[in-house]
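A.B. asks: Going down the list, the protein sequences come from chains A and B.
Per the numbering used here, the very first residue in the first sequence carries number 4; after that it's consecutive.
Per the numbering used here, the very first residue in the second sequence carries number 14; after that it's consecutive.
Hints in this document: simulated from the structure, not taken from any laboratory.
Heads up, a few of these hints could be off.
Said to hold, decoys possible - Covered by chain A, per the in silico footprint, the following chain B stretches (three or more residues, Cβ under 8 angstroms):
| no. | region |
| --- | --- |
| 1 | 221 to 234 |
| 2 | 269 to 280 |
| 3 | 302 to 309 |
| 4 | 313 to 327 |
Said to hold, decoys possible - In silico contact screen, one side only, chain B against chain A (beta carbon under 7 angstroms); selected entries:
| no. | residue |
| --- | --- |
| 5 | Ile-47 |
| 6 | Val-59 |
| 7 | Asp-61 |
| 8 | Thr-65 |
| 9 | Tyr-79 |
| 10 | Thr-287 |
| 11 | Glu-290 |
| 12 | Asn-391 |
In this text, a Cβ means the ideal position worked out from N, Cα and C, and glycines have one as well.
Spelled out, the chains give:
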Amino acid sequence: MKHFYVLLFCLFSIGLYAQEESYRFTFQDEDLQEAILQIESSTSLKFYFKEEWLEDIKVSGDFEFQNREAFLRELLVETNLNFVVLEGSRVMLTQNRAVYTSLPRSFSIEQDSLGRFVESTGTEEEFNPIAYEKATVSSSNIVYIGKESQANSRKRFNLSGRVTDVETGEGLPSVSIVANDGAQGGVTDIDGYYNINLPSGRNVIKTVSLGNIDIEQELMLYNDGTYNFQLQEGYESLGEVLIASDATINVRRPVTGVEIIDVESIKTIPLVLGERDLLKVALTRPGISTAGEGSAGFNVRGGNADQNLILLDNAVMYNPAHFFGIFSAINPFTTSSVEIYKGNIPSEYGGRLSSVFDIRSKDASTTDFKGEGSIGPVTGNLTLEVPIIEDKAGLMVGGRGTYSDWILRSLDEKSLENSQASFYDVILKYNHQLSEKTKLKTTAYYSKDRFSLTTDSTFNYSNTLLSLDLRHQINDKNDLEIIASNSGYSFNIDFESDFNEDFRSSFDINETEIKAIMNYHHSENHSIKYGVSGKLYGLNPGQIRPLGGSSVSPFTIDREQGLESAVFISDNFKINRDLMLYAGLRYSFFSALGPATQNIYAEGVPRTPENVVETREYDSNEFIETYSGPELRLSARYNINPEFSTKLSYSNTLQYIHMLSNNTTISPTDTYKLSDVNIEPQRAHQYSLGFYHNFEQNMYEVSMEGYYKQSTNMLDYKVGAQLFLNENLEAEILQGDSKAYGAEFMLKKSTGRLNGWLSYTYSRSFLQLSSEFPQEQVNRGEFFPTNFDKPHDLSLVANYKLTKRFSFSANFIYQTGRPVTVPVGKYFQNGAEYVVYSDRNQFRIPDYYRLDLSFNVEGNHKIEKLAHSFWNISIYNVLGRNNPYSVFFVTDNGEIKAYQSSIFAIPIPTITYNFKF
Amino acid sequence: MFYRNKILFKNLKISGSFLVGLMLLSTVGCVEEISFELENLENYLVVDARLTDELKNHELRLSRTYSLDQSEVDNFESNARVQVITDNGEIFEFRELNNGIYQSTEAFQALPDIAYRLRIVTDNDEIFESSPEVLIPGTTINSIEVDRREINAIDGVAINVSTTAEAGASNFYKYEYEETYKIVSRYRFGRDIKYDMVLDSLYDVPKDYEENVCFKTNSSNELIIGSTNELSENSLQNKLIHFIPVKDPRISFRYSVEITQLSLSQQQYDYYRTLQEMSINNSLFSQTQPGFLSGNIYNENGGQEAIGLFTVSSVSKNRIFFDFEDFHSPPELPTYLASECEILIPDLFDDFERDWLIDLVSNDQVKLYDIIPTGIPNVIFYAVTAPNCIDCRFYGKTETPDFWVE
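One chain only, chain B, in its complex shape (with noise of 0.2 angstroms):
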């Protein structure tokens, strides 16, 4: 069952681009803002579950379509029974964590050759039961490669993922991400700046804290789907992942990646592929016809079915780490999330600037840089700048993640 989907996206991709080649031929052309009214919004409930053979508390997440001219608001959807059950009569519960999260009770995993069916009934009583789903054999991944190369003309470092299809494995995948990224503070200096209220008096302490290192994590937020059938190995071979522009301060220390494959079936393939298509721009001359995505949630009272897809897979997980200078080399040097870090030594002896150092240091809104020795005894200037340049606190987390492998 052979399935050309990248290369057709591609193509969309191109003719998303007539509208300008047409503007500039006859420059008379135009795209302006126009004001649409909408009527009110029929409410979808929205599923984002799937269940996967970690063994786990599976999670999954409920939640309501909102209007347009609302920016992204948390229109979760409590209070609803969730319950996944199997052919065979088994029956996992689901409760609500908060915010419209809700986890299995209990630990289970996906098994092959069962059929599981997400059943939710809604504060509202309305019943939404997926059609029955079965585990999705997958492959592992097979390799991680990272290389520097421009991409629409842009330098940077690919995340790419590679996978050899297998007799029996899906051809079909969705991959997710989580980067971690070593952030190194631009400046550090070992004592912080105090001030007395009593005695009136601006005075400098040593750290007792972590603020130099830091950690941060982000998942992926891109729909990543691809399909082993693409290339004539019948393998996904340097598919694309993520991407990250050379001068890019995630990638100036130390970044590590893990890549999460799912396994998917033709047709959530096909949910996913067009959701994606129909999440680009229009071009003026083909837009391609948007409508309903049906998905494979409905509503058992024959309504307005759900939004969303209800998926049991496969996981295969695969992490890498590379540090700056793999990927460059001098005069290339690491940039930093601080950017701006002006440096300020405010003169002492003139009370403006006194008042205005102790307000700013009452405010945390600097800290201390250096201490610069003004030559008559006993007498400083502190030289400070914003708390971001000093305290990496700002950007992510100090503790050291249980995988970080230096």
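Chain A on its own, in the form it takes in the complex (with noise of 0.2 angstroms):
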């Protein structure tokens, strides 16, 4: 075939001119070749075909067309053959294949962390003809942009523009951009928009996606100017193809440990409960881990669960799970991607060490009435997107709810009678294209969780979310973006008691941020982002209420003001054609804010409250203590060949705020606390090296990565630390430093009847606490394993699809128990007896292993339907393995005995309904 499309390529460069001309056959059951052989000696067409293609294949009726195009179509329309007519009424013959179950090649497409192109560095050798056949050339005008005028002597221009759904009115992002046989392009931002640098005069661009009918277009330029395209939605589109169009951002984008999860990838993944859910998808990527099943917080390349900056929309959310971490706070109706940076984070994200997961919502639709819809065993879902504007505004609601409080209380089970559990969760979002360059998009959300399982207390915990952004486009060249955000986290426990002590405990804390982002596209070879941020924290660390004539005494914490701030810089740096830098620096600040109450304590002895020396007070916005430090954020890709890249990296980061937990696992109560005199800012640095192959024209994609990760001023705590409404906070507190490294290995097939990942990681995480004094140092002041050092993690998500309508998936996933204090011993004290633990972590549970299977149902895309329906059917641990989730001992008849618990110890099936109108 190699040689066809050489020549195809060459056919290009001859310039001929089509000749006016009608065209009248009569085929009686003519051989197709035949056929071309009488249209060829009567009209001026040429065919180019592979004779093997013609074989069988005949041709009847009777044809007159003016209209060469209609004329062809008509004679080809019973063949599997598509047709092109190049210049000089030359036809090239292409056969055509029953689903498009492939990627075309892509063409060194470089896209920058927002989705913004850089320009690429094609050649012809990359352009792959495959998506070429499957052009529609839905116009052979051609379109002129600007005047011709003598006075412009500029050799090259900027075009802009929006690919949009013809449908919805959306933007598309990720399309491919393709100028002239890939000797240009660029690729759709997240909202659509791509701007690319032409030559002036005549170019052909085009658009390459998946999922949709791509349009090609001539164009004559003679200035800047913008245009626009319209897809329609593809008929052949294969959900899980989607994440694809990203395909090879893995082997081109400079930086390192990025995960891309897409919702639509996610669909048919096995279900816990009915909920599909994009975080606990993100879990069977390398390098991001949980303590336990069930648990909250994510563990990302050895780091604590408070270094993970989770945005939604921009705006931070402080507790992304429910019910304890059952399942996500993130609606998956709503959401469209998240992106997760776990090595080189971008200079325009800071304040936490490990990673970043920028998660996004969808845009509502600004044509079209929509709602999409979920029934599971424990939650509802509906989402509905409504137009306000035809094509500019549109309005997204999504909320989700449980109804585990009625199942709890249907049950026949006496000690249910006072227990609740539910939560729910609400999603606005308004986008409004107010001008041709300037997009306003303003996200709302609110989470709540309530949960009483005894008859004495309730416990309640909200997050809440507020964000806007404004994109501007200045000129060709810059653009600027604009986000304020504020977020919320509260809990409160109500406790009511037997005695005459009830009362309400609670914790709340609230950021606002304010941030500018301006991208400066300088040339082919420098795509430059800077701006600045500031943050305001105000949290009020605890307090105490009595309730309702209680005798508990009121009691409160004094609140904690800082305010974190921070410019950036970055370039996307292209030194050549396999050689790229990204070079990112932060510098951050970082005060901690009056009014305060600060304790100094005594040098050379242990912090406790009786060695505080000094109170010093601070007055209403006093700086306390003021910390910064610069962030860089380096790496370079090297291609070795345009399928096979290597990454280096390095990057450092400061985290302010801490997160505060004394509980082997995350828990709803854990609070807060920024750095202040006693605590001091955690810091990480970052080593990483990785290598990137995709082949198979990107259906396969390997990757693997190394890192190496040191940290200072990890905080950990004081054995039995009282770490809630504690005045003396910093003396239950030890800061120590960590180290964590591991390999990290992936294999994913994107396209294709059998399509999923298989992901492997080794890796390590230790922390040492010592000090001078016996009672700060935990196992003597040496390296011990975290709470979530699982060395082998392995995970295996695959999807075979049996039809177009049914799929079954499975997942699989093995890792290393955790490790876990236990006792060793036992005592006699006081009367009583007691255990005397190990060294913390000494020991691990047991290992965990997981199979899930699903058979999925998809309503048939053929026939016009109110509703569009998806059933997905799960089973959850079909193996049955009794996973431990921890250890713990109880003495029992004067015997200690161990158990373990698990959470979900036997196979759990599941049945969803999801619509979609």
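Since each chain sits alone in its own frame, please combine them into the complex, following the hints.
C.D. replies: Take a look at the structure:
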């Protein structure tokens, strides 16, 4: 086939013109090849094809056409052949394929973190005509952009525009815009905008996307200008292929350690209790884990759970978990994608050591009223999209809630009469295209959990998020993004006892951030981003209020305030075709603000409340303590060949806010603390090296990354520390060093009947808490494994498509058991027996493994129905493996017994019904 | 210096029940026993030592930790050299009484403004020394209140203590109690049954000893701590020390409890609070990070420190008495420690039954309950029952304690 393509390119360069002629033929069961010979003899058309394609193809009928294209279309309508008419009346026949199962090879497109294009390095060799065969030329008319003028001596112009869905009017992200056979190109950003730099004069640009019918357009470019595409949804689109539109990002992007999860791609993954969950899928990617099944909080590359910046539409989400982490607080129907930066974090992000989870909600449709819903065993979910101004503004409302309260109460169980467990979350998103160059998006989110499992206490916690994102294109080279966000997290515990001691204790944190980002598309080789951000924290670390005439005394820990600001700049610098650099610098500052009282401890003695030598008072907005530091984010990519690259990166990060948790896993009652006189910011350095290889036209993606991470001032706590409502909190806190290293391997097959990924991580993470005072040491000041140190972590996610409508999926997870601290002996004291514990994390619970299966039935695309439906039948933990969550010891008849608890110990079947209209 | 200990302890209890809730929600969670292989335990020295401001021969206890699969063993530490050294050079020597209990050779009391250090040289020449501790000033117990109430759906008698904070006194206390209760035998009878082996005859004799009324004293074995800044009045109001279910035989007659309040420093209080928290069942979702609990007794050579605390406390004691009628009203009846009290009346004309009775009497397995005339002259039947139904000495001692007031 190869020579055939070369021929095709040669033909392009021959300039001829078409003649006016008519086409009149009658064929009676004629061999197509014979018919073509007849056509060639009586018209100017010249056909190019492989003889074998035409074997056994007959044509019949009367053909009478003035239009060449119409004639050819009719001629070939019964065949599996497609055609392209090239200059000089040359007709290129191509053999069609039944299903679009493979991706076109990409066009060396590079994309920075926000999806802005970086000009391509494409060459003709990389151009893959398969995509061309499929392209439908929707118009043969040349579009003139700008006026030809002698005065304009520029040789290159900028073309920008937007690619939208013809039906919904929504911008289509990640569509490749290819110009002149791949000589230039770009990719649309998250809103469908693109911007490419083209030579003046005639250009042929076309879209390359999956799931859409692509368009080719010839342009005469005399000046900078705009051209918009409207694409139709492709009939043969396969849901799981969508992620593949970023097929070569893995190899091309200069930044290491990025995971992208698209909501469509996880549709068929088996579920627990019927909830589709992006963040659970993230856990099957290398380097991302959680302390235990169903536990909240993510540990990214050996980092603590508080070291992840979890953003929903740019606003920080403090607790992305419902019901202790069994469900995530991210509504799958309103979410479009999540990008996780676990290696080199782009310089516009900061404030957390380990990772950024950049979760984006979908834009509401501006053309049609749409809805999507699901009914599962525990939750119900409904999302509506309402156009407000045709083609300009839309509103999305999504809500999700449990009916488990109802389930609990309907069980005939006396002990459950007073128990409750419920949660809900709602999201409201409004997007408005204010002008061609300005777009506004606002998001509001609220989640609430409430549970009460004993008669005397009720827990409540909630997240509140508000964000506003305004993008404005200033000119061809510069655009501005302004982000304002506010997020809060709070919990309270109501306690009602048999005594006169009822109270409510509560905690809340709130932060407001303003961020301005400028994108400067300097040239083909430099794409510069710079900006500034400022964030104000306010938190009420804890208070107690008596309830109903209780004798409990009201008590409040002083409010904490802090200001975190940063300036940042980065450049995506293309040094040559193969070498690309991402150089980012962030300088962050943090000031703890008054009014406040700070305890100063004596030097050379353990930090205990007795050793407070001074209590300093600070006035309102007085700077108590300021910390700052440069944060370098550097990475380089070198293309060994177009499908194989290597990347090297270094980054350092600073964190000024700390979660306080003395549990082995995350709990909703964990609180936060800002750095102050006594608590220094956490700092980390990470080095990583990776190799990325895509092959079989990006059908397979293999990557390997290794990292080494060193952190200082990691927070941990004295044994039995009181972290809530403690005025001498710093006396309970220990700060130590940690080190983590690992190798991550991933094999991904994005397309085909069988698709999915296999990921394996070998990683270790250790913490050291040393001090000159024995009571401030853990394990004698030696390094010990962290609570989430799980050396082997293997995940397999596979989906097999039987037909367009039926598919099977499976997950398999294997992990080393997590470290635990267990009793190793007993002693008798004060008339009672107590246990003595081992060194911290000296033992491990048994290994974890689990297999989940699901069967998916998709509604038929072909038939116009009111609602499109999707059924998912899943079995979680098919093997019924009783995976231990924790191990604990109790004294039973004078004997100490070991017990293990597990969360999902038996196979759990679920059926979920999803519908879309 | 505020410190919200008790409230947090309650929170912990709450978290302990998450497990139950989730299991019922999904009905799939599970807790099962597993075998857990453990390596050999390091042998830690355990010190249970406190001085008080009472003038007496102070006692302390040294022992060693033992492995998990052993039930309570007397793993005491003998032959250690134990001293308490003050910062003005005074040395109080301790001598081992028995089984790891060491007593000061002279009576002394802890005085304010003097720092005391405990020094232990073990039999294998390890040297342990405590940090210097001073007498923690305390307050006196205001009152002990007793009331009947339901706690966790159990009807019972609650014994509570109230203490008011005083300027200069510690806010942190440890409580111990010693309960003494009167035991009245379920049945009483003035004669004993005997068997004369020579004559092969059963006969009865009058009793010449007391077995109807006894007293039993128990020490608390729970860790009870409290702080005076929990409540708005800056005091400990009705701090629950002891709770006795309403049908408990201990409160069937007359009951007395002496509560000892020991002052603690905040650090010592935190030690006990943590010990308490780590001894509670862990919950499914939020397990408090356990670990080695550092006390104040260190190995002088930098080796493994000892488990336990050396404290110097002010003591306040208070005693109360109450009767069954004070918290019970008809038709509630006292219960007895002896619950299985079958009355047997063997037929002495039946050789088998007679031999059986002789056997029970010879082995002290029964006591005489009554003498039953048969209507035949000189022929009587003996009604017998289990000895503990007659003899309260199975449960306590007959001597009336010195402090006892009827």
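A.B. asks: Against chain A, with CB atoms and a cut of 7 angstroms, does the hint on B/Thr-65 hold up?
C.D. replies: violated, 15 angstroms
A.B. asks: Regarding the hint that B/Thr-287 lies at the interface with chain A, is the smallest CB-CB distance below 7 angstroms?
C.D. replies: holds, 3 angstroms
A.B. asks: Given that the region 302 to 309 of chain B was listed as covered by chain A, double-check it with a C-beta distance under 8 angstroms for 3 or more residues.
C.D. replies: Three-residue rule met by the region 302 to 309 of chain B, so holds; n is 6.
A.B. asks: Given B/Ile-47 was flagged as interface, is its beta-carbon under 7 angstroms from a beta-carbon of chain A?
C.D. replies: holds, 5 angstroms
A.B. asks: Taking the least C-beta to C-beta distance, is B/Val-59 closer than 7 angstroms to chain A?
C.D. replies: Holds: closest Cβ of chain A sits about 4 angstroms from B/Val-59, inside 7 angstroms.
A.B. asks: Interface hint check: B/Asp-61, Cβ to nearest Cβ on chain A, cutoff 7 angstroms. Holds or violated?
C.D. replies: holds, 5 angstroms
A.B. asks: Holds or violated: is the Cβ of B/Asn-391 closer than 7 angstroms to a Cβ in chain A?
C.D. replies: Violated, because the Cβ-Cβ distance from B/Asn-391 to chain A comes to roughly 52 angstroms (cut-off 7 angstroms).
A.B. asks: Examine the region 269 to 280 of chain B: at least three residues should have C-beta closer than 8 angstroms to a C-beta of chain A.
C.D. replies: holds (count 3)
A.B. asks: Quick check: the region 313 to 327 of chain B, covered by chain A? Criterion 3+ residues, Cβ under 8 angstroms.
C.D. replies: holds (count 3)
A.B. asks: Examine the region 221 to 234 of chain B: at least three residues should have C-beta closer than 8 angstroms to a C-beta of chain A.
C.D. replies: Coverage by chain A holds for the region 221 to 234 of chain B (3 residues, Cβ < 8 angstroms).
A.B. asks: Are B/Tyr-79 and chain A close enough, Cβ to Cβ, to be under 7 angstroms, as the hint says?
C.D. replies: holds, 6 angstroms
A.B. asks: Regarding the hint that B/Glu-290 lies at the interface with chain A, is the smallest CB-CB distance below 7 angstroms?
C.D. replies: It holds, given that the least Cβ distance between B/Glu-290 and chain A is near 6 angstroms, below 7 angstroms.
The structure shown violates the earlier hints numbered 8, 12.
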